[in-house]
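Novice: Take a look at the letters that make up each chain.
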Amino acid sequence: MAASTQIEETPLAAPTRSWVRRTVTNQQFVLFVVLAGLIVFFGLRNSLFFQTGEFSNLLTDFSGLVLIALAETYVIVAGGIDLAVGSTAAVSGVVAAGWIQPMVNAHVNEALVLLVGTLACALVGALAGGFSALLITVFDLVPFVATLVTYSVGAGLALVISRGAPVGYDPGAIYWSASGIGMVTWLVAIILVISLGLGVVLHLTAYGRYTYAIGSNEFAARAAGIAVRRHLVSVYVMSGVLAGLTGMFFYIRSGSGAATTGVTNSANLIAIAAVVIGGASLTGGIGRWAGTMLGAAVLTVVSDGLIFINVPPTWIQVVVGALIAVAALLQTFRRRSRRMT
Amino acid sequence: MTTTETRAPVLELRHINLHYGSVEALHDVSFSAYAGEVIGLVGDNGAGKSSLIKTVSGVNTPDSGEIIVDGERRHWRSPHDSMMAGIETLYQDSGLAPDLTIGSNIFLGRERRRRGLLGRLGFLDQRAMEREALTQLSRVGITIPETNRTVSELSGGQRQAVAIGRAIAWAKHVIILDEPTNHLGARQSAEVLKVITSARDHGLCVLFISHTLPHVLEVTDRIIVLRLGRVVRDAPTSSFTVESLLAAITGLSE
Numbered sequence: 001m002a003a004s005t006q007i008e009e010t011p012l013a014a015p016t017r018s019w020v021r022r023t024v025t026n027q028q029f030v031l032f033v034v035l036a037g038l039i040v041f042f043g044l045r046n047s048l049f050f051q052t053g054e055f056s057n058l059l060t061d062f063s064g065l066v067l068i069a070l071a072e073t074y075v076i077v078a079g080g081i082d083l084a085v086g087s088t089a090a091v092s093g094v095v096a097a098g099w100i101q102p103m104v105n106a107h108v109n110e111a112l113v114l115l116v117g118t119l120a121c122a123l124v125g126a127l128a129g130g131f132s133a134l135l136i137t138v139f140d141l142v143p144f145v146a147t148l149v150t151y152s153v154g155a156g157l158a159l160v161i162s163r164g165a166p167v168g169y170d171p172g173a174i175y176w177s178a179s180g181i182g183m184v185t186w187l188v189a190i191i192l193v194i195s196l197g198l199g200v201v202l203h204l205t206a207y208g209r210y211t212y213a214i215g216s217n218e219f220a221a222r223a224a225g226i227a228v229r230r231h232l233v234s235v236y237v238m239s240g241v242l243a244g245l246t247g248m249f250f251y252i253r254s255g256s257g258a259a260t261t262g263v264t265n266s267a268n269l270i271a272i273a274a275v276v277i278g279g280a281s282l283t284g285g286i287g288r289w290a291g292t293m294l295g296a297a298v299l300t301v302v303s304d305g306l307i308f309i310n311v312p313p314t315w316i317q318v319v320v321g322a323l324i325a326v327a328a329l330l331q332t333f334r335r336r337s338r339r340m341t
Numbered sequence: 001m002t003t004t005e006t007r008a009p010v011l012e013l014r015h016i017n018l019h020y021g022s023v024e025a026l027h028d029v030s031f032s033a034y035a036g037e038v039i040g041l042v043g044d045n046g047a048g049k050s051s052l053i054k055t056v057s058g059v060n061t062p063d064s065g066e067i068i069v070d071g072e073r074r075h076w077r078s079p080h081d082s083m084m085a086g087i088e089t090l091y092q093d094s095g096l097a098p099d100l101t102i103g104s105n106i107f108l109g110r111e112r113r114r115r116g117l118l119g120r121l122g123f124l125d126q127r128a129m130e131r132e133a134l135t136q137l138s139r140v141g142i143t144i145p146e147t148n149r150t151v152s153e154l155s156g157g158q159r160q161a162v163a164i165g166r167a168i169a170w171a172k173h174v175i176i177l178d179e180p181t182n183h184l185g186a187r188q189s190a191e192v193l194k195v196i197t198s199a200r201d202h203g204l205c206v207l208f209i210s211h212t213l214p215h216v217l218e219v220t221d222r223i224i225v226l227r228l229g230r231v232v233r234d235a236p237t238s239s240f241t242v243e244s245l246l247a248a249i250t251g252l253s254e
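Residue numbers (the working numbering), protein chains in the order written: chain A, 1 to 341; chain B, 1 to 254.
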């Protein structure tokens, strides 16, 4: 006779209760509440925080972080780590600045200059990501070591090429970086659109699904016919490209490429922090777009807000550390409580 | 299953030889398997069970011999080839991605795309997958309240049932189960054995590898005993007892 295997479960709790419980223990929901709380807190302590100009600043600072944080999300969900996003941004900004300076000097149309610069940054970023991918998939280095190599080479090259000074000067770029509609500059709008696209790909397409499958159980992914190696290469190359675009972002804001402009060593760690605060697991397979977006938003609001309430900037890293600790503990607690039910 | 012998076998191995360097893993292994039949593959550690299933599933390439699936001679270049030919293999503890939902796991590597342009861009039809997964699983007697929960939320027996359900859903001819009741308690094992019976009822051939001889005797129609890379017994399950099976495995019966 046909067997009927009833998969017994903890009896489904009353739908409303389980829904409420799911929401309250949901990391994204918690982050949203924390974010709202932080904004209100900083605003009450210093009403200047509520000014529209500050909102514009927050958006811009967020834009400098969000692309490398989302790149890191893909890599971490796939079970890896990318320590090179910061230095890749630096080196691509420096290289592209050098390449496009002759165009700037020749008074070529600024839109064309920026387009070429963007492509150059993406290319250098893709090379850096491809280098990491080569070390990982062909030479079997673990991602941590492979991307540490790329980080070190990239940071070094950025200093060598720039000789420690800003490369190029492009006032047209700075001028364009301030243009836009109302509080949202074109620069920010473009980055937000890219961010949205990355979320759509991660959660709604086969590409995103394979990324989760590989990070969750690489053997199962391979057994299911997924081209694991090729997929991992594409993830690291994409991470490099996004880091390159971040390099271009800083070039546009400052009108020059520098080995240190906002993309120093700590950029890697801030990007990873945003992903971890967003609820991802460094063991792979777990992490969401919304989590990283909120994680990056919280980090942006905290580092800007602390300045508004006159906390010395040197303390910011300490606060970031505390945030990571709380997020990680929350995740551990949640996993434990789920296992017990 | 006495009538099956008159039909064409769905899987046939002819004179398979396999070496790992100088080590002889399989020696002149031949057998036929029929639709609607559960075959137990038993043997001591190193008897060649793993080598044999890896040869059938395309992980290993035999040095000589033929693999015939549904009347057609086949060469596997990768495990993917055997999947495409209708053979699904469930390796020990490997089957599922724990962080994906049940539905996503059932369709892993065979995702349903949305219609039209969105589908061509790689957009998934998640709702259809969850719905079809539910149908596929219930077809083999596995009922799950909802498929949109992750596999990590299931118990060991439930995971194994889902993994086998996945294999049944996609296999056209043969499913290979490597120690599917390992690490499972008595009740969870019983669930898994029921699903195996259900696979047979759906006309599939099941190759069941297990060290747990009572499970083998309970669920199989025929048992093939391997020792030192050779087939030493191939007989209906009814002709074995635990003792005689053990004797055949260890070589005491000769």
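Just so you know, these hints were derived from the structure itself, not from any lab. The beta-carbon is built from N, C-alpha and C at its ideal position, and this holds for glycine as well. Warning: the hint list may mix true and false statements.
Not everything, but these chain B residues come out facing chain A in the computed CB check (under 8 Å) [said to hold, decoys possible]:
#1 Glu24
#2 Pro79
#3 Met83
#4 Gly86
#5 Tyr91
#6 Gln92
#7 Gly95
#8 Leu96
#9 Ala97
#10 Leu100
#11 Thr101
#12 Leu108
#13 Gly122
#14 Phe123
#15 Leu124
#16 Asp234
Here are the simulated distance ranges between beta carbons [said to hold, decoys possible]:
#17 B:His27 <-> A:Asn26: 35 to 41 Å
#18 A:Gly225 <-> B:Arg127: 48 to 54 Å
#19 A:Arg229 <-> B:Gly21: 47 to 53 Å
#20 A:Gly321 <-> B:Asp44: 38 to 44 Å
Novice: Please go over all the hints and tell whether each is borne out by the structure.
Specialist: Now the hints, each set against the structure:
no., hint, in the structure
1, Glu24, "violated (27 Å)"
2, Pro79, "holds (6 Å)"
3, Met83, "holds (6 Å)"
4, Gly86, "violated (14 Å)"
5, Tyr91, "holds (7 Å)"
6, Gln92, "violated (10 Å)"
7, Gly95, "holds (6 Å)"
8, Leu96, "holds (6 Å)"
9, Ala97, "holds (4 Å)"
10, Leu100, "holds (6 Å)"
11, Thr101, "violated (10 Å)"
12, Leu108, "holds (4 Å)"
13, Gly122, "holds (4 Å)"
14, Phe123, "holds (5 Å)"
15, Leu124, "holds (6 Å)"
16, Asp234, "violated (27 Å)"
17, B:His27 <-> A:Asn26: 35 to 41 Å, "violated (58 Å)"
18, A:Gly225 <-> B:Arg127: 48 to 54 Å, "violated (23 Å)"
19, A:Arg229 <-> B:Gly21: 47 to 53 Å, "violated (26 Å)"
20, A:Gly321 <-> B:Asp44: 38 to 44 Å, "violated (55 Å)"
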